[in-house]
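Could you build the full structure based on these sequences and the hints that come with them?
The listed protein sequences correspond, in order, to chains A and B. With my numbering, the residue at position 218 of the first sequence is 518, and numbering never jumps. With my numbering, the residue at position 4 of the second sequence is 1036, and numbering never jumps.
The set of hints was computed from the structure by calculation and includes no laboratory data. Built from N, CA and C at the ideal position, the CB exists for glycine as well.
Reference listing, derived: stretches of chain B covered by chain A, where coverage requires no fewer than 3 residues with Cβ under 8 Å from a Cβ of chain A: (1) 1093-1106; (2) 1206-1218.
Cross-link-like lysine to aspartate or glutamate pairs, in silico, EDC-like; alpha carbons within 20 Å at most: (3) B:LYS1089 to A:ASP372; (4) B:LYS1201 to B:GLU1213; (5) B:LYS1089 to B:GLU1041; (6) B:LYS1201 to A:ASP322; (7) A:LYS489 to A:ASP506; (8) B:LYS1093 to A:ASP445; (9) A:LYS477 to A:ASP532; (10) A:LYS489 to A:ASP372; (11) B:LYS1093 to A:ASP372; (12) B:LYS1166 to B:GLU1217; (13) B:LYS1201 to A:GLU308; (14) B:LYS1089 to A:ASP344; (15) B:LYS1089 to B:GLU1077; (16) B:LYS1093 to A:ASP369; (17) A:LYS477 to A:GLU495; (18) B:LYS1201 to A:GLU325; (19) B:LYS1089 to A:ASP369; (20) B:LYS1093 to B:GLU1037; (21) B:LYS1089 to A:ASP364; (22) B:LYS1093 to A:ASP330; (23) B:LYS1201 to A:GLU323; (24) B:LYS1089 to A:ASP330; (25) A:LYS489 to A:GLU509; (26) B:LYS1093 to B:GLU1041; (27) B:LYS1093 to A:ASP344; (28) A:LYS477 to A:ASP445; (29) A:LYS517 to A:GLU458.
Each chain, written out:
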Amino acid sequence: MAESEPNEITLTAAEYVLGTLDEGERAAFDQELAHSAEARRELDYWEARLNALALALTPVTPPDQVWHDVRDNIARDVSADRASVTPIGSASSATRRDSGKGWRSLAIAASVAALAMAGVLMIGTGDSPPSDDGAAPAYASMVYDAPTGISWLVTAPEDGRAMSVTALGSYQVPEGKVLQAWLVPADGKPIRIGEWPNAQGSYSMDVSEAGARYISKQASLMVSMEDVGTTDQPLPTGQLMWTSPIARRTS
Amino acid sequence: MAEREQLAEWLAATARGDQLAFQNLYAATSSQLYALLLRILRNPERAQDALQDAYVKVWQKADTYAPDRGAPLTWLLSIARYRALDMLRRKRPEVAMPEEPDMVATLLEDQQSLSPSEENENQQSLDAIQVCLKTLQPQQRDSVLLAYYEGLTHQELAERLDAPLGTVKSWIRRGLMRLRECLAERA
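What follows is the structure, encoded as structure tokens:
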């Protein structure tokens, strides 16, 4: 393959895209692609040209279920990739709470590292995410920024009106920008909660009565980055940074 | 259909994990991918499975898209079509072949019936390949179109077109060579 004439490479790339190569030829071209920039260029060339043929077909709207399946699939992907929700009973506050009560499946994927990190921080700050009256929180979520490894642990009591946020690190927000938190109902528009903390520490965020009603309805937490001075907008207009499902305690 | 820049923006945001951008991308492009998958797989359930797989792949691989690789939509179509070909190769016996003898004519009719739309890059790409296909000899053109729209292998093309395997291979390669020349002339 390495000594192929340019025409041979372009024809093989074209047949690779068409799908007419047999298994052996295909495998050989896969190897070619691994070390030949020309082969990759030819592949890109033919993918762009031949796939224009698909544009001649009349578009057909797929059933809504496909999107729901895609969304569920990537949610699992995100959950597996990110540490997910910390089981409340596993953190340092376990002695104060009935740690035997479990959380929904989101907790399953929680990593040991995340748990240890959460525990250390809670001890270090002398604070914890439960509601002020000491009752175990009814909801939890975890927001995670993969590039920096910074997480935010979020809990809320049954009435959903006060959200406790523990930032496990300080996230650098560009000048003129501010992080904004939103509640996103399963099938509804985002509801603004307020400014999302970017400095390490523990915080309490008030949630409107309207927003609190949605916490119990499979809502997600979303954080966007907005321009300073535009945070009174009813809907996010800036870059969406992270989303995380809100898990409810099962018992 | 959203323009190239918008799709590229959504793809870039998807690569950063922006689920809303990904949803927008899906809303803007899934009907085109689904049409292709239906054409190749000829089974709605399998086409929907392939569509789901394709977009999960898009979510995972969005960071590998670069504008110099072509228009975002054709990049997405590539992912979907490779997925369909994988499914065909694994489950070919279950795919019911069409009975109608003039499938190629139907494919060409589809292309000819495409109404002129906005002069965007996608339309220009389609125009270019359609014009160039018309410069191919009929057997060359039929072979390329059947391979593209139905995912047929050389052997399957030989059976479908009732021609020797070597002849079909030659039609495909000569057709592709002519296409390359024609597309270069139009560039």
